[in-house]
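Protein chains: 2
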Amino acid sequence: MKRTDRVGAIIRILSQHPNKVYSLSYFCDLFGAAKSSVSEDVAAARDLLERMELGRIETIAGAKGGIRFISKISRKDADMLLKELKERLSEGNRILGGGFFYTSDLMFDSNLVQGAAQIFADYFLDKGADCVATIETKGIPVALMTSHMLNLPLVVVRRESKVSEGSTVSINYISGSSDRIQKMSLSKRAVTPGSKAIIIDDFMRAGGSVRGVQDILAEFDVETVGIGVLIASKKPEKKKVENVFPLIYMGEVDEETKTFDLAINSDVFR
Amino acid sequence: MKRTDRVGAIIRILSQHPNKVYSLSYFCDLFGAAKSSVSEDVAAARDLLERMELGRIETIAGAKGGIRFISKISRKDADMLLKELKERLSEGNRILGGGFFYTSDLMFDSNLVQGAAQIFADYFLDKGADCVATIETKGIPVALMTSHMLNLPLVVVRRESKVSEGSTVSINYISGSSDRIQKMSLSKRAVTPGSKAIIIDDFMRAGGSVRGVQDILAEFDVETVGIGVLIASKKPEKKKVENVFPLIYMGEVDEETKTFDLAINSDVFR
Numbered sequence: 023m024k025r026t027d028r029v030g031a032i033i034r035i036l037s038q039h040p041n042k043v044y045s046l047s048y049f050c051d052l053f054g055a056a057k058s059s060v061s062e063d064v065a066a067a068r069d070l071l072e073r074m075e076l077g078r079i080e081t082i083a084g085a086k087g088g089i090r091f092i093s094k095i096s097r098k099d100a101d102m103l104l105k106e107l108k109e110r111l112s113e114g115n116r117i118l119g120g121g122f123f124y125t126s127d128l129m130f131d132s133n134l135v136q137g138a139a140q141i142f143a144d145y146f147l148d149k150g151a152d153c154v155a156t157i158e159t160k161g162i163p164v165a166l167m168t169s170h171m172l173n174l175p176l177v178v179v180r181r182e183s184k185v186s187e188g189s190t191v192s193i194n195y196i197s198g199s200s201d202r203i204q205k206m207s208l209s210k211r212a213v214t215p216g217s218k219a220i221i222i223d224d225f226m227r228a229g230g231s232v233r234g235v236q237d238i239l240a241e242f243d244v245e246t247v248g249i250g251v252l253i254a255s256k257k258p259e260k261k262k263v264e265n266v267f268p269l270i271y272m273g274e275v276d277e278e279t280k281t282f283d284l285a286i287n288s289d290v291f292r
Numbered sequence: 023m024k025r026t027d028r029v030g031a032i033i034r035i036l037s038q039h040p041n042k043v044y045s046l047s048y049f050c051d052l053f054g055a056a057k058s059s060v061s062e063d064v065a066a067a068r069d070l071l072e073r074m075e076l077g078r079i080e081t082i083a084g085a086k087g088g089i090r091f092i093s094k095i096s097r098k099d100a101d102m103l104l105k106e107l108k109e110r111l112s113e114g115n116r117i118l119g120g121g122f123f124y125t126s127d128l129m130f131d132s133n134l135v136q137g138a139a140q141i142f143a144d145y146f147l148d149k150g151a152d153c154v155a156t157i158e159t160k161g162i163p164v165a166l167m168t169s170h171m172l173n174l175p176l177v178v179v180r181r182e183s184k185v186s187e188g189s190t191v192s193i194n195y196i197s198g199s200s201d202r203i204q205k206m207s208l209s210k211r212a213v214t215p216g217s218k219a220i221i222i223d224d225f226m227r228a229g230g231s232v233r234g235v236q237d238i239l240a241e242f243d244v245e246t247v248g249i250g251v252l253i254a255s256k257k258p259e260k261k262k263v264e265n266v267f268p269l270i271y272m273g274e275v276d277e278e279t280k281t282f283d284l285a286i287n288s289d290v291f292r
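Protein chains in written order, with the numbering used here: chain A, 23 to 292; chain B, 23 to 292.
For the record, the hints were derived by calculation from the structure and aren't laboratory data.
Here the structure is a predicted model, which is why all the values come from computation and not from measurement.
Hints are supplied without guarantee of correctness; some may be wrong.
Pairs involving identical chains hold if they fit within one copy or between any two copies, as the list cannot separate such chains.
[Unchecked claim] Capping the alpha-carbon separation at 30 Å, the derived lysine-lysine pairs in DSS-like fashion look like this:
1) K108 x K149
2) K210 x K184
3) K24 x K57
4) K184 x K262
5) K24 x K262
6) K257 x K57
7) K149 x K42
8) K205 x K42
9) K184 x K105
10) K24 x K42
11) K205 x K184
12) K24 x K184
Build out the structure end to end from the sequences listed, making use of the hints.
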């Protein structure tokens, strides 16, 4: 095998499983190559990925060490992605009345949520989280992709307790948008007590659901170390949770003109 | 930029968005390189991916032509993945009684469902599907990953009709496992009449839910051209849908010994 081949293969394998640690010997065995030569391949792969802003290769020292790929979205691609999201959101026929709007096509678009997930993964990389949590249903795709980028398990809080979840813990919470009491439940097997979670969801108005997820995680002694949402409405200004990282802010819907303001969160480009 | 750099970048970019067509000029602009040189890079990338069984690069002719990456899982990796799935499924403490068992940790494991999705995408690649459909909740991750590999939109059928789905069509269906009448609903905006769908789900017993999804799609004049499930129970032998492609077959649960037979579908390796 030539260097070009080995570098290409390293990039394909590492980037398929972001944040997963591969030992150098894994590649030595795969290529039938010496460690010194694989080290040079990795250096070449790292160099080109950084230059092209296509991600980062990190070296982890120690017995269990090796290399891992940190997925990164370039500023240019993040900018393009958020502009696309903003544009598609502002299509007028999304407005359903009662302050609701249709977003399922966006939340179930794998390329769009993959890009959003890369932004979240980048932002929450160093929070020391042990899992990514969300509540069914529309937040699952972006939360899954974020969990994939971070190589963490995904925890899905259910609206109802299902037989197939085994024993569960349930809580009641106030949904901000409907001001009604709703229920959510989480399987006792789903999380490790004492661990840390990032909460990812598709949309936040007052923050009732996300607060609910935070509370149900707290029942398991799981600490929330970050909250990311694709879209946050500007109002109410006072949310039920703090330190939320939204990608897009949404102003109030004018049901007559069928328009609303949208603004990209500039913190994405810090 | 050197050849190694360009080949590595091509592999990273193409494989991030499987099945998406990129024009050669995209890479010419990105690298500031001539078409002849990019063509040689692509040939080198194609060659190495095939040799390493890491995927395939296809050329599409014509004005809208270009190249695209077809994600492929090697026989060895598929074998490892299914053995892992089988092993993790057979952990005895999954059995919940009443024939139910806990699988959420597997269905929400992004690396596992990514591998399963690669098998599905490979199997259903040439079916001419326009979308991937599933029913909430546990099938969403594997269906999303399959939709990503095929670069198709994901359509999620809901258990209840939600305000945020706009106008919906609902049907009743008989759930095989509980023999009860249940409801499912699909937004009118979610599918294009006259198009084709692949249905992907996590688990099938009698096939009631999948049959329901097929029926609700048919209400929109959407034809089902393939059905894939991660796990299918061996009984009942007679399912409510035909031509299902499962990855794992599951025998009956012996609740006393807390064991059940599992068998990998050998068709995966045809």
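Tested hints:
1. Within a single copy, K108 and K149 get their C-alpha atoms as close as 28 Å, which meets the 30 Å cut-off; across copies the closest is 33 Å, which misses it.
2. Taking the closest pair of Cα atoms, K210 and K184 come within 30 Å of each other both inside a single copy (12 Å) and across two copies (28 Å).
3. When the C-alpha separation of K24 and K57 is checked against a cutoff of 30 Å, the pair qualifies both within a copy, at 15 Å, and between copies, at 23 Å.
4. For the identical chains of this complex, K184 and K262 are neighbours both inside a copy (27 Å) and across copies (23 Å), given an alpha-carbon limit of 30 Å.
5. Neither within a single protomer nor between protomers do K24 and K262 lie at most 30 Å apart by alpha-carbon distance, with minima of 56 Å and 53 Å respectively.
6. With identical chains, the CA atoms of K257 and K57 are never at most 30 Å apart, being 57 Å at best within one copy and 51 Å at best between copies.
7. Taking the shortest Cα distances, K149 and K42 sit within 30 Å of each other inside one copy (17 Å), while across copies they are farther apart (33 Å).
8. In this assembly of identical chains, the alpha carbons of K205 and K42 never lie at most 30 Å apart, being 35 Å within a copy and 40 Å across copies at closest.
9. Taking the closest pair of Cα atoms, K184 and K105 come within 30 Å of each other only across two copies (28 Å); inside a single copy the shortest separation is 39 Å, beyond that limit.
10. In the homo-oligomer, the alpha carbons of K24 and K42 lie at most 30 Å apart both inside one protomer (25 Å) and across protomers (28 Å), since each shortest distance falls under that limit.
11. In this assembly of identical chains, K205 and K184 lie within 30 Å of each other by CA distance both inside one copy and across copies; the values are 13 Å within and 16 Å between.
12. Within a single copy, K24 and K184 get their C-alpha atoms no closer than 53 Å, and across copies no closer than 55 Å, so neither meets the 30 Å cut-off.
Comparing the model with each earlier hint shows violations of hints 5, 6, 8 and 12; every other hint is respected.
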